[in-house]
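There are 2 protein chains.
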Amino acid sequence: MNTRIGRQTVKIENPPIILNAASIAGVKEGQGPLKDSFDKILTDDTLGEKSWEKSESTLQRQTALLALEKAQLKQSDIDYILAGDLLNQCVGAHYSVRDLDIPFLGLYGACSTMTESMSIGSMLIGGGGAQYVMCLTSSHFCSSERQFRNPLEYGGQRTPSAQWTVTGAGCAVLAASGAGPRITHVTTGKVIDKGVTDISNMGAAMAPAAIDTLLAHFNETGIKPEEYDMILTGDLGVIGSDILTELMLKEGFDIRKNHRDCGKLIFDIEAQDVHAGGSGCGCCGSVFCGYIFNELKKHNLSKILVMATGALMNPMTVEQGESIPAIAHAITIEN
Amino acid sequence: MNTRIGRQTVKIENPPIILNAASIAGVKEGQGPLKDSFDKILTDDTLGEKSWEKSESTLQRQTALLALEKAQLKQSDIDYILAGDLLNQCVGAHYSVRDLDIPFLGLYGACSTMTESMSIGSMLIGGGGAQYVMCLTSSHFCSSERQFRNPLEYGGQRTPSAQWTVTGAGCAVLAASGAGPRITHVTTGKVIDKGVTDISNMGAAMAPAAIDTLLAHFNETGIKPEEYDMILTGDLGVIGSDILTELMLKEGFDIRKNHRDCGKLIFDIEAQDVHAGGSGCGCCGSVFCGYIFNELKKHNLSKILVMATGALMNPMTVEQGESIPAIAHAITIEN
Chain A
3 MNTRIGRQTV KIENPPIILN AASIAGVKEG QGPLKDSFDK ILTDDTLGEK
53 SWEKSESTLQ RQTALLALEK AQLKQSDIDY ILAGDLLNQC VGAHYSVRDL
103 DIPFLGLYGA CSTMTESMSI GSMLIGGGGA QYVMCLTSSH FCSSERQFRN
153 PLEYGGQRTP SAQWTVTGAG CAVLAASGAG PRITHVTTGK VIDKGVTDIS
203 NMGAAMAPAA IDTLLAHFNE TGIKPEEYDM ILTGDLGVIG SDILTELMLK
253 EGFDIRKNHR DCGKLIFDIE AQDVHAGGSG CGCCGSVFCG YIFNELKKHN
303 LSKILVMATG ALMNPMTVEQ GESIPAIAHA ITIEN
Chain B
3 MNTRIGRQTV KIENPPIILN AASIAGVKEG QGPLKDSFDK ILTDDTLGEK
53 SWEKSESTLQ RQTALLALEK AQLKQSDIDY ILAGDLLNQC VGAHYSVRDL
103 DIPFLGLYGA CSTMTESMSI GSMLIGGGGA QYVMCLTSSH FCSSERQFRN
153 PLEYGGQRTP SAQWTVTGAG CAVLAASGAG PRITHVTTGK VIDKGVTDIS
203 NMGAAMAPAA IDTLLAHFNE TGIKPEEYDM ILTGDLGVIG SDILTELMLK
253 EGFDIRKNHR DCGKLIFDIE AQDVHAGGSG CGCCGSVFCG YIFNELKKHN
303 LSKILVMATG ALMNPMTVEQ GESIPAIAHA ITIEN
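Protein chains in written order, with the numbering used here: chain A, 3 to 337; chain B, 3 to 337.
Quick caveat, the hints were computed from the structure, so don't treat them as lab data.
A couple of the hints might just be wrong.
Identical copies look the same in the list; a pair holds intra-copy or inter-copy alike.
[As the list claims (entries may be wrong)] DMTMM-like cross-link-like pairs, simulated, lysine to aspartate or glutamate; straight-line CA separation at most 25 Å:
(1) Lys-76 <-> Glu-222
(2) Lys-42 <-> Glu-71
(3) Lys-259 <-> Glu-229
(4) Lys-299 <-> Asp-79
(5) Lys-13 <-> Asp-103
Next up, chain A with everything else stripped away, as it sits in the complex (with noise of 0.2 Å):
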């Protein structure tokens, strides 16, 4: 049963169980800082596939049946897939499971997808209603770069604000019970839009979000900052993290010291030559469902906050003048 304990939080008193994970990162995500941690690292970001859009579906593919393998599961133990990327319409999903046998329900969070899947992946589970359910994103450099900004032939210049979107793609299988990190508060976020209008900031916009949803995490739960062991946010990156640690300080909240970023933690930033950090759907599902998922279940963190933030614009509303609004859906997981 879930409880709502707040205006944005839901409490599941039936925490479900993150019973796997898996984790499938590009060539140039896996020469980065976080290497160890993936299950699979592509040796050509292609896969093989003729167009970048079809590479991002097999990589999703590929890394929705490795953890159904990882969990010992098969498709028909799953109760719903939940999942969704950034191309239009959310093809790197739809192409992705259409020769999945599982119930599907498809979501458009943008960066935000991951811990979007897993908040209602959670109550639905908490409900009742679902035994299994998984929840999946994916990124693309190439198909985004195309999609959202020029073909990589333009060879535009970058920014300093600018983030490296990922390739990779997360999916984590919850279970209503089992061994494993429980998923145990959920906080839904508000669309927030506070003015920002350039389209290769997307830190600066995104950060409004996080702080609106973090404030009414910290308020509706009473859970301090200092009890968790990290702060994970998605894809805020180098920018956007400042913006969050700086504002939530000036409200009384320092979370200077276990604050991490998914954007941060992918790449070496300088070396790899990233600019303002990493970002994309597929940041914080490779990052969440590697790294982070292989130190909750060695124990080496006991409670955190995940928090993926995602901006909900598209190229054509910045070009018509509009501003960026943005989203942020956190997750408390204890172990």
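Given chain A, work out where chain B should sit, using these hints.
For chain B alone, kept in the frame of chain A given last:
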């Protein structure tokens, strides 16, 4: 509490009420057979905005606010708003809800979004974590034509199998208690792809998904087709509806008498020159939240199945030679 009664179906033990619903329709839709059922008919499909995308967002926001007003609720009463649309990165929904002070979960189910949102909304309420949930979707003929086919100015000729994207929006307010029709069962679809590649024949692409979900629903619930006063599909249109009823008959289920399709109901197909009928998220959205909800309130319908269908491709994947995956989500509503 939600109880799983089959591979794809959940029974909601404490079924949520459809407390109220609002629908707004475009100029052409307001000249069709259902003109008396909409809460509001636009006199100008631009809604005074400078782009079709902004028009769609404004349409969706007006519908959400009208639903709140009809339900006599405040934004602060609503636990979740579940919304999506057809636009790239679901910007119709994101810009419509950014001024609403309501936790948001973004969905992408293409034209299945109305029942996807009501499925998840019902299970969130059934699971105990929510008291009120808004389910919102829209489509706009002009934004869809530009994005999926050609800009209106191009004046492209339409094939006979093409459907006409409805300019319209619907918003249903679900509640944990109160008076009104109840959502008792949720059957979630799988992604089905039977190899249809004609982007101008959405009905044929979506019909196999509708059949798959409908068979699962009948088999898992034990409900017989004739128990339903109406089996309402979203936007299969003329061609998809014929495929559905014919193939269901071969499977042993005669739904010819009680099957209706929102895409056939909303237009006078011949007189309004809409070829194979209406389509779009807003088709099921505006028809369900208008005509059907009114009939439920008047007790002219006592038990119905509502199943919106969605085609999950984008124009690029079809250009890349891919076929069209589709999905259908069904909910049982009892008065």
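For each hint, the structure was consulted:
1. Lys-76 <-> Glu-222: So Lys-76 and Glu-222 pass the 25 Å test across copies only (20 Å; inside, 38 Å).
2. Lys-42 <-> Glu-71: within (13 Å within a copy, 52 Å between copies)
3. Lys-259 <-> Glu-229: within (12 Å within a copy, 61 Å between copies)
4. Lys-299 <-> Asp-79: within (23 Å within a copy, 39 Å between copies)
5. Lys-13 <-> Asp-103: Between copies, since 21 Å is at most 25 Å while 31 Å is not.
The structure fails none of the hints (numbered hints given earlier).
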